[in-house]
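Q: Listed below, chain by chain, are the residues.
2 protein chains.
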Amino acid sequence: MAASKSIIPSTVNPDLQKERDAASFNSEEFAAWWAGGAETLKFKRGIKEYMYKEFDKDAFIHLQYMSHEQVSEFAIKNSIAVAKKLRQLQAERNPGGDDYWPTLFEAPELWGVHLAGNPFGVMYVMVVRALKSQCTPQQWEEFGKRVERFEVCATYAQTELGHGTYLRGLETRADYDRATDEFVLNTPKISSYKFWPGGLGHASNYCVVMAQLYIDNQYKGPHMFFVQVREEGSHEPRPGVHIGDIGRKLGFVGVNNGFLGLKNVRIARTRMLMKHAQVHSDGTYVKSPADVLTYFAMVSTRCIIARNCALSLAIASTISTRYSAVRRQSPINPKEPEPQIIDHVTQQLKLFPEIAAGVAFRLASDYLWDLFNVTSSGIEQGKYENLPELHSLSCALKVLCSSDATAGVERLRLACGGHGYLASTNLANIYVNITAACTYEGENTVLLLQIGRYLMKSWRAALGGATLAPTVKYLADVQQNPEFGEWTGNWENLVKAMQFAAAKKTQLAFNSLANRVANGVSEEAAANQTGIELTQAAELHGRAFLFHSFLNEITGPKSKKRSSALNRVLEQLLELYLVNETLKNLSSILRFINLTDSDLSKLQSRLETALSKIRPDAVAIVDGFDFSDRQLNSTIGSFDGNAYERIFDATLKSPMNQKSVPKSFHEHLGPFMKSNM
Amino acid sequence: MAASKSIIPSTVNPDLQKERDAASFNSEEFAAWWAGGAETLKFKRGIKEYMYKEFDKDAFIHLQYMSHEQVSEFAIKNSIAVAKKLRQLQAERNPGGDDYWPTLFEAPELWGVHLAGNPFGVMYVMVVRALKSQCTPQQWEEFGKRVERFEVCATYAQTELGHGTYLRGLETRADYDRATDEFVLNTPKISSYKFWPGGLGHASNYCVVMAQLYIDNQYKGPHMFFVQVREEGSHEPRPGVHIGDIGRKLGFVGVNNGFLGLKNVRIARTRMLMKHAQVHSDGTYVKSPADVLTYFAMVSTRCIIARNCALSLAIASTISTRYSAVRRQSPINPKEPEPQIIDHVTQQLKLFPEIAAGVAFRLASDYLWDLFNVTSSGIEQGKYENLPELHSLSCALKVLCSSDATAGVERLRLACGGHGYLASTNLANIYVNITAACTYEGENTVLLLQIGRYLMKSWRAALGGATLAPTVKYLADVQQNPEFGEWTGNWENLVKAMQFAAAKKTQLAFNSLANRVANGVSEEAAANQTGIELTQAAELHGRAFLFHSFLNEITGPKSKKRSSALNRVLEQLLELYLVNETLKNLSSILRFINLTDSDLSKLQSRLETALSKIRPDAVAIVDGFDFSDRQLNSTIGSFDGNAYERIFDATLKSPMNQKSVPKSFHEHLGPFMKSNM
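These protein sequences, in sequence, are chains F and R.
The opening position of the first sequence corresponds to residue 1 in UniProt numbering, with each subsequent residue numbered one higher.
The opening position of the second sequence corresponds to residue 1 in UniProt numbering, with each subsequent residue numbered one higher.
In case anyone wonders, no lab produced these hints; they're calculated from the structure.
Worth double-checking, as some hints may not be accurate.
[Claimed, not checked] Quick list of the computed label-pair ranges, beta carbon to beta carbon:
1. F/SER10 to R/GLU236: 31 to 41 Å
2. F/SER24 to R/PRO388: 39 to 49 Å
3. R/GLN480 to F/GLU492: 56 to 66 Å
4. R/GLU667 to F/ARG168: 35 to 45 Å
5. R/ILE304 to F/PRO557: 52 to 62 Å
6. F/GLU524 to R/GLN88: 52 to 62 Å
7. R/VAL374 to F/ARG615: 40 to 50 Å
8. R/GLU236 to F/LYS42: 50 to 60 Å
[Said to hold, decoys possible] Examples of chain R residues toward chain F, derived with CB under 10 Å:
9. GLN329
10. TYR440
11. ARG562
In this text, all values refer to a predicted model and were calculated from it rather than measured experimentally.
For each residue, glycine too, the CB sits at the ideal point set by N, CA and C.
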């Protein structure tokens, strides 16, 4: 470790310092805006400083060298340490509140300590919430609170080996046994095993199990049951419970995803979560009233996913942008020294659109959150009519943020050349985690098809003269004005173009569907056959929303609170985002809108101009995201820009470098070479 | 392990069997065609059978749970075992030949035994070849042969921590010391350390080092030196040599990528590879004659990369297609049972274009190989004029096959939902390996810019009336006929459209470049500023080549050797590939070619028709790729289709499942839960 002190300079790389000195705006102002205010920024920085100093700064490097078992053990130990520390902070600063514990347990500020993922993440992100909304008051007192207090540890088990998205297809069943006032739970086949829940492997002793309820062999639909799976004292699996780790995955290595088989496991009747539906002791089944509120809760979950994807993308942008400012490679002019790679225009095209996208996604999730709050107050007055709109919009946001950010992170990793492939840069790790968001909480294609169905309904309603919800109102506008009108290429016009393309694709899908039905295909088969056009329309609908919310947040009334220097930078990011996405979706736009060759050349030239305008501010912008080195966990992304020294320092920590000759030489390689002489 | 026998049925999953029974063609005929003939197919199958039975069938699963050190040791032990086995086979079947050893050492047939990558891959793919082409006869006798015989172990060290692509930027230097008749090698800074060479970490005792040659402090350019880095007996690093493992990466975990620092390391003058350039003992420097042949060798390397990407994509297609035939999920009609997911049209769009792309890439690399052979005979007669064309084409093929196959593998992984994220499916592993091909042997963007420059030269030459090489001749055609002519949408017309778009993009880039220079920008800066358009033109040029070669191989004279049933299937793959790629590149096409709304609707409907026509043959097609279960190494892709049972079987092998309660419970989780009561 003595080596590490000498290798890494204590000064900032001059190439990076030069960038900071030349920025056109104050990155502190950006940081305060991005954090949601100067006070919040200060709070977040305070938390990071307090928390990170307690944890080994080299842990991320060491983690790369561990076995699956070591990582699993490390993650539990580490997350318990985080929980303890946060509770201590809560007790010190605001006893009885929850602003530190558990609020911060899964917060992005602490991602850098949950290095292998948090095995208790599902417990605090999902289970406690599910119990709060699904338990009767007695149930909450009896076991809900115990989970919240971390007296027991629980996860949420829905997905099975053979079933995911489609709830009614789940095979786990709970039969009510009137004689003993119990449910008998079974996973009858291998495909019925619960599979994937985070923390289920070896960290949980309880589990909220989604199972098909049967009373007297009569099917009552899927319900939630609170099931003890391990003994509280010994942690041994309970009788009839087959439980364990599902094994290695692409990422989330330490979160303890598990499997669960149940064989005649009996639980008290009162362990079905009965706030909405009930089973009485005589076997009477009381149906839940409308599930509209459960549905509504998912909107906020999808907002959080979108926001987390935005932040992951911003982290990756920070790493790649800083590295691109200190890496020098491939002369632009062979007579001059090699430039910072950030000066290559093709490199700028890899970096800056991702910075802009990160901002766009963050603002869209903020915007949706506001819409959510407005709708919430409506709901309290019994107004449910905007719910389908909001549900569909949150799906679109989740799909686009996860898929675009995943692709963006990978582009940013590749933009760092070979070194982007090194674990110590963290880019690979960010990728393997963010790509999972394309699949969890609603597989992206399945969600796109749901949005597509919503668009079909809206289109049909508008044809019938109905008034549409605000964010799909443009569909009705296009029905009334089927020509695009003048192409000006200004921002409002680009938003309108994306909406126009979305509406026209919706119309194409609608007509294809109608034609198929008219030709005798069943509604269901026709929907499947039109699946490609439905997902295309849904994607454009989401893009139009991203365009709209980004424009609104940057040029709307909030801009008055920012300095003109900061607004100029944000407007450049907006310009880049709108122009670049328009170019990327040009085939859809050109199909419905006539652009002249000169319009198209202008777009290309605006793209190149936007890149060159962002160039001098790029480092200051990512500085403004305000990620600490511990959050970045990257040898090439640190604030000081000493990339090569940090890579080399991390390299020396490989266990393979702790001895000069490996065992395999003596046992295999040495004897083999000798035998060939 | 007793469990594994009982869990996995010995029968084929009926859903998969049904697919095979209903296929319209014989997958054995496909397999023979794909392998390059019935005899070759038989040979390959024989090799696989012989080799795989010697190696543990569960090794891939166990590997997922190992630490970095364990994987590194495993890879060396395992690859030595493969080498021994192949040499034994060589001795048995064809003593003195090389058809088994070392030809097969890195062959795709054996990928499934090099489970963590082959630490000696670089030695046989690059070093032996480099030595053969760069050594004098004496040098070859003295040390080249020793490497070929595996008496010593060598790798090829060019990339440095601070430099990759740009050879003249390398910092490692070799100074000739006339007094001792030696070179003195140094890596003066941290950024000069050699970094990344496969097998360098702990497996090699020699190294071909690329260094800047200086004689009397006069720069002579980069040259290759054969440097001993470890003692032959003890394997200890030699004096002045700092050598080790670069640490964990996204993939290629076991290939022992290493770093190398040299401090006044002296080697005899005769250890510079002197076939082309020489340094005499008096310090006289003799320059190499034209390097045209070194350059030429890279064409074949890029063909191999393209071919390997095609095969990786075909492996991933096999896994995902079989899984999609046995997975049932999400009803198309809620009143019917859940369908095989391969019946969802959106799923077909994820699978079938990748099958088609795998075939397209394989055929393009075959086609280029033929072109290569024709050019080779020309070169022997001193005709070098087609070399720039071939170089550029091989770059384009490398770029597109690596980037498209990488994206394709990821789409196929995501098409398997959550389970695609499991290590035991192998999809994640295929991804992390194939994505590296976007960076190694010429970073893709750098190559695209080189191709762009070649297109600029060709465009200028054609303007001057010169005759262009065959594969860029279409540029001159478009100059002469600047209108596209009739859109018919047939295959030849689609090829022509892609060429037309490539030519027009080339023209746009050419004009942008000229305008910038006319406005006083230097040639070099203008090339950088036009980088985006240059890479776009280059990409379209590559796509046009892929279109052309696919069409040629399927409808050309070779089709006469195939049954009409097989030709029908191949034609459907061609149709899908051409139509889908045309739609994906529609923005470039619509910019230059007028398509009516009806033309566009027809393309969409052809896409949907192509998917539905391939649907009944999809499983039989991937069967025709003839990958054995051991090559696939996938729980969800095996020939028998018992996906869930195999996943579960692999899951049970996690070391975390070998005891019921983990250590961390007693040390951390248990006490923490108790403290909260």
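Q: Can the hint on R/GLN329 be confirmed by a CB-to-CB distance to chain F that is less than 10 Å?
A: Since chain F brings a Cβ to about 6 Å from R/GLN329, closer than 10 Å, the hint holds.
Q: Against the range 50 to 60 Å, how does the distance between the Cβ atoms of R/GLU236 and F/LYS42 compare: consistent or not?
A: Taking Cβ atoms as reference, R/GLU236 and F/LYS42 lie about 54 Å apart, which means the hint holds.
Q: Are R/GLU667 and F/ARG168 spaced within 35 to 45 Å by their CB atoms?
A: Holds, since R/GLU667 and F/ARG168 (Cβ atoms, about 42 Å apart) stay within the stated range.
Q: Let me know if the C-beta of R/TYR440 comes in closer than 10 Å to any C-beta of chain F, holds or violated.
A: The hint holds - R/TYR440 has a Cβ within 10 Å of chain F, the shortest such distance being about 7 Å.
Q: Given a hinted range of 40 to 50 Å, is it respected by the beta-carbon distance of R/VAL374 and F/ARG615?
A: Since the Cβ atoms of R/VAL374 and F/ARG615 sit about 46 Å apart, the hinted range of 40 to 50 Å holds.
Q: Regarding F/SER10 and R/GLU236, is the given constraint of 31 to 41 Å on their beta-carbon distance met?
A: 34 Å, holds
Q: Please check whether R/ARG562 passes as an interface residue: C-beta within 10 Å of a C-beta belonging to chain F.
A: This interface hint is violated because 30 Å lies over the 10 Å limit.
Q: Quick one: are R/GLN480 and F/GLU492 within 56 to 66 Å, going by C-beta?
A: Hint violated: Cβ distance 43 Å, outside 56 to 66 Å.
Q: Can you tell me whether the CB distance of R/ILE304 to F/PRO557 sits inside 52 to 62 Å?
A: 59 Å, holds
Q: Do F/GLU524 and R/GLN88 keep their Cβ atoms within the hinted range of 52 to 62 Å?
A: 59 Å, holds
Q: Taking the CB of F/SER24 and the CB of R/PRO388, does the distance hold inside 39 to 49 Å?
A: At 44 Å between Cβs, range holds.
Checked against the numbered hints listed earlier, the structure breaks hints 3 and 11; every other hint is satisfied.
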